[in-house]
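Participant: What follows is the residue order along each chain.
2 protein chains.
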Amino acid sequence: MQKNWKIIRSVAKESLRLFEAKYNYLINPRNEKEVEVIVLSGNDAVNVMAVTTKNTVIMIKQYRFGINDYTVEIPGGLVDAGEDLLIAAQRELREETGYSGENWQYLGKIAQNPVFQDAYIHHYLLIDAEKTHPTEFDEAEDIQMIEMTLNEVQEGLYECAFQHPHTVSALVLGMRKLD
Amino acid sequence: MQKNWKIIRSVAKESLRLFEAKYNYLINPRNEKEVEVIVLSGNDAVNVMAVTTKNTVIMIKQYRFGINDYTVEIPGGLVDAGEDLLIAAQRELREETGYSGENWQYLGKIAQNPVFQDAYIHHYLLIDAEKTHPTEFDEAEDIQMIEMTLNEVQEGLYECAFQHPHTVSALVLGMRKLD
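In order, the protein sequences belong to chains A and B.
Counted the way our numbering counts, the first sequence spans residues 1 to 179.
Counted the way our numbering counts, the second sequence spans residues 1 to 179.
No lab work stands behind these hints, which were simulated from the structure alone.
Here the structure is a predicted model, which means the values were calculated and not measured.
Take the hints with a grain of salt, since some may be wrong.
Since the list gives no way to pick out one identical chain from another, each pair is judged satisfied if it fits inside one copy or across any two copies.
[Unchecked claim] No farther apart than 25 angstroms at their CA atoms in a straight line, the calculated lysine-lysine pairs in the PhoX-like style are these: (1) K33 x K177; (2) K131 x K22; (3) K61 x K33; (4) K177 x K131; (5) K61 x K6; (6) K33 x K6; (7) K33 x K22.
Isolated chain A, as found in the complex:
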């Protein structure tokens, strides 16, 4: 049986724009050794698998600064401080694509990266999404919308077409729900 790890000390490091960095110090219950780990602390995020009335899925193509390349993802982004998760999902979808709708379902959540981040991403499904608003991009965004059929999404999952792990985890749940 695995014994519990306890954080014995936590030291704020500095702000890295998207998160605060801190070092946590723990005792490994297996060998009693002290371990120093870095944790990037940030807000939770949301993303949305939005299915239109034509049964297409709203994907966005955008430049991603980490890999210096474009990705195809579902819409999403950070939850503002104090913001309701569903409101954040509706806001991100509207800002990035101009789509909205009434038929929302919560699909589940996954740790953004449990190794060194403390935040989660919450996955939503919207059925009968419709274009109702203009887009509102952030200054650092440049987004192109793409509609894919459900078959294309399923094939994309098998072909590594979606180079964002949080898009994959959301689509796995969303495709299952639609099944």
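With chain A fixed as given, assemble chain B onto it according to the hints.
Facilitator: Here is chain B on its own, set in the frame of chain A:
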């Protein structure tokens, strides 16, 4: 049509144990505004869906420092500098579980997090895995092995049982390959 983003300046920031932090400065082709982004630069990683001769999948339960909780994942870890990807996958599986085998297949790769990381994780499938070695845990590891049936893995994907996005993306590809 989306125009290209170009990195106009890159400034090393500091070492954060798992990665080097740097700031990149780009011009957004949509509005010509300069954008400052943080990029965490690190080694690629590998993970392995290992299926035993009994048709079970080797999962590991371990404490994850980011979320301060245990996760159930497939084995994996960082590729050492200059190390071959397959060798790294074989090494991580052996160190964390003591399992090895001959029938390896490359499943594909996904960006670790394209938003702010430059590295990828490469997914492997091993069929007919067998226990051949003792485990060798790092000082900061405390790992418990779990065997799951293929059905349990499939259900786990639908129930958010695997709180590591890179485990999800590997299992999606591995389950498809086994289909």
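Participant: State the violated hints by number, sorted upward, taking the hints as numbered earlier in the document.
Facilitator: 1, 2
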